[in-house]
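Participant: Take a look at the letters that make up each chain.
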Amino acid sequence: MSTRALRTAASGMYAQQVNIEVISNNMANMNTTGFKKNKAEFQELMYQEVPINPITSKTPGVTETSSDYLQIGTGVQPSATQKIYKQGDLTSTGNQYDLGISGEGFFQVKKPDGSYVYTRDGSFKVNADGKLVSSSGCFLEPEIAVSTDTVSVTISTDGVVSATDNTGKTKTLGDIQVARFMNPGGLEALGGNLYAETPNSGTAILGTPGANGFGTVQQGFLEASNVDVVDEMVAMIAAQRAYELNSKTVQTVENMMTVENNLKRT
Amino acid sequence: MIKGIYTVARGMDYSRKNIEAVANNIANMNSTGYKKEGDFQQILNSVGKTEVRQIRDYSQGNLVSTESPLDLAIKGNGFFEVNTPNGIELTRNGKFQISDDGFLVDSEGNKVMGSQGEINFSNSMLNENQKITIDRSGEIKIGDQIVDVLKISAPANLQDLEKTGASNYTSQSGDYVPVSEDNFSVLSGYVEESNVNPVIEMEKMIQINKDYEASQKVVNAIDSSLDRLKEVGRVL
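So the protein lines, in turn, are chains A and B. Residue 106 in my numbering sits at position 106 of the first sequence; the count goes up by one each step and never skips. Quick note, my numbering runs 1000 ahead of the 1-based positions in the second sequence.
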């Protein structure tokens, strides 16, 4: 017996293993600020055309030049992992530099090497020079500088940053902008909650928070990960069962091979 | 007598091909837009010859929300058309994205066809305040501007379709007819899951396995009666 069915089942088991790997990464990042969950995608492998003789064929053992072909599939392959950019819950932290985006968009931050990357993780800090930096040390762009005499900072939902100094005067420090993408699914995840633009995602479209299509900035909130534990558990159960089903195929085929071995007595 | 063995063997050959199809269905339980393969059946064709047919089940798969606007699912009849290196192919896998040069493409990079040919966003892509929306009839808009309408078509006869892998289908005759708008709706932000039902596949697997064992018993029985035949002719 050809081992095609065995290989098909093995490809199915491999696919489910990849699936579990993606799910476990989601689970591990359940509490990562601004994390967006991934979903593994699968697609069929090639099909083979297999000739088949009719049951009533008179010439046993010979493959007739029959027009009867069957298409038999050869399994499955993991094709991609897709980020799901669903809004995560905004949780209150009370910290004045914690920003959450409600709606679409990313904060634009500049890496030390000068390149721009994008993040939904708005846990900003003030560095030694008074500049707002992300938790991974990237500068918020456009830059916001906080002077030393600042007592409190207010950030409106449309991104205007204003500071109150120790004399009680209020002045505007700058505007925070958010970046949107035509196709956020095409962004490249760099790790560390950062995303880079790719030709697939399109270039970043910067805009005022709250304007058409852009999300608003919420001061004192952080966006929690959008991983839903129940969903992940369900996906995990489904993946485990699918893995078992594929292993049943292996068992069945093995049993059929035993049958073949016993066709001829001694 | 010997003919009996061959008939049984032929049946076993079918079982083998069927288990391969079942294995493929199970492996593709999570493949987007996958349509399950049914049993192979032998039928009499119009000129009275037997012919083997493959029955594929095109029933609707579950629709799952992904919240990505370029994930499209068809509810109802019809397929998306994609332009592959081998010509136009049909697919129910609507996981699309935008390519480097602004075309709407599938996950393999094949361009998706609209009523005016390949769909290109590059002219209208970089404007602020604009969002891609795709309505139920397949009309693609950026902001208020209509880009194109997705081409949803079907072959004249569903049984003519052949799979080419990656959830694509091609028809030997090569002509596809547009599906009437009443018979489908395009859902943006959804994908269609595979329509494989694991219970049915398990059931088939058990049956194929038992058929196979039974066939083996028949072969053994014929074999031992051939032994008896030798004894009939023995000179005492």
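If you are wondering where the hints come from, they were derived from the structure by calculation, not from laboratory data. Owing to the predicted nature of the structure, the values given are computational and were not obtained by experimental measurement. Note that beta-carbon positions come from the ideal geometry of N, C-alpha and C, so glycine has one too. Possibly wrong hints are sitting among the right ones.
[Stated by the list, open to error] Beyond 12 Å from chain B on every Cβ pair, some chain A residues (computed):
(1) Ser-136
(2) Glu-143
(3) Ser-147
(4) Thr-167
(5) Lys-169
(6) Lys-171
(7) Gln-218
[Stated by the list, open to error] Straight-line C-alpha distance at most 25 Å; calculated DSS-like pairs for lysine-lysine:
(8) B:Lys-1111 with A:Lys-39
(9) A:Lys-39 with B:Lys-1131
(10) A:Lys-86 with B:Lys-1141
(11) B:Lys-1217 with A:Lys-86
(12) A:Lys-248 with B:Lys-1131
(13) A:Lys-83 with B:Lys-1217
Participant: Are the hints correct? Go through all of them and say.
Facilitator: Status of the hints after comparison with the structure:
1. Ser-136: The claim holds: Ser-136 of chain A sits with its nearest Cβ about 26 Å from chain B, beyond 12 Å.
2. Glu-143: About 22 Å separates Glu-143 of chain A from the closest Cβ of chain B, which puts it past 12 Å; holds.
3. Ser-147: Label holds. Min Cβ-Cβ 32 Å, cutoff 12 Å.
4. Thr-167: 39 Å, holds
5. Lys-169: Non-interface label stands for Lys-169 of chain A: nearest chain B Cβ at 34 Å, farther than 12 Å.
6. Lys-171: 28 Å, holds
7. Gln-218: Non-interface label stands for Gln-218 of chain A: nearest chain B Cβ at 20 Å, farther than 12 Å.
8. B:Lys-1111 with A:Lys-39: Given that 25 Å is the threshold and the Cα spacing comes to 23 Å, the pair holds.
9. A:Lys-39 with B:Lys-1131: 23 Å, holds
10. A:Lys-86 with B:Lys-1141: Holds, because 22 Å separates the two Cα atoms, which is no more than 25 Å.
11. B:Lys-1217 with A:Lys-86: 58 Å, violated
12. A:Lys-248 with B:Lys-1131: 46 Å, violated
13. A:Lys-83 with B:Lys-1217: Since the Cα atoms of Lys-83 of chain A and Lys-1217 of chain B sit roughly 53 Å apart, the hinted pair is violated (cutoff 25 Å).
Violated hints, in rising order: 11, 12, 13; the structure is consistent with all others.
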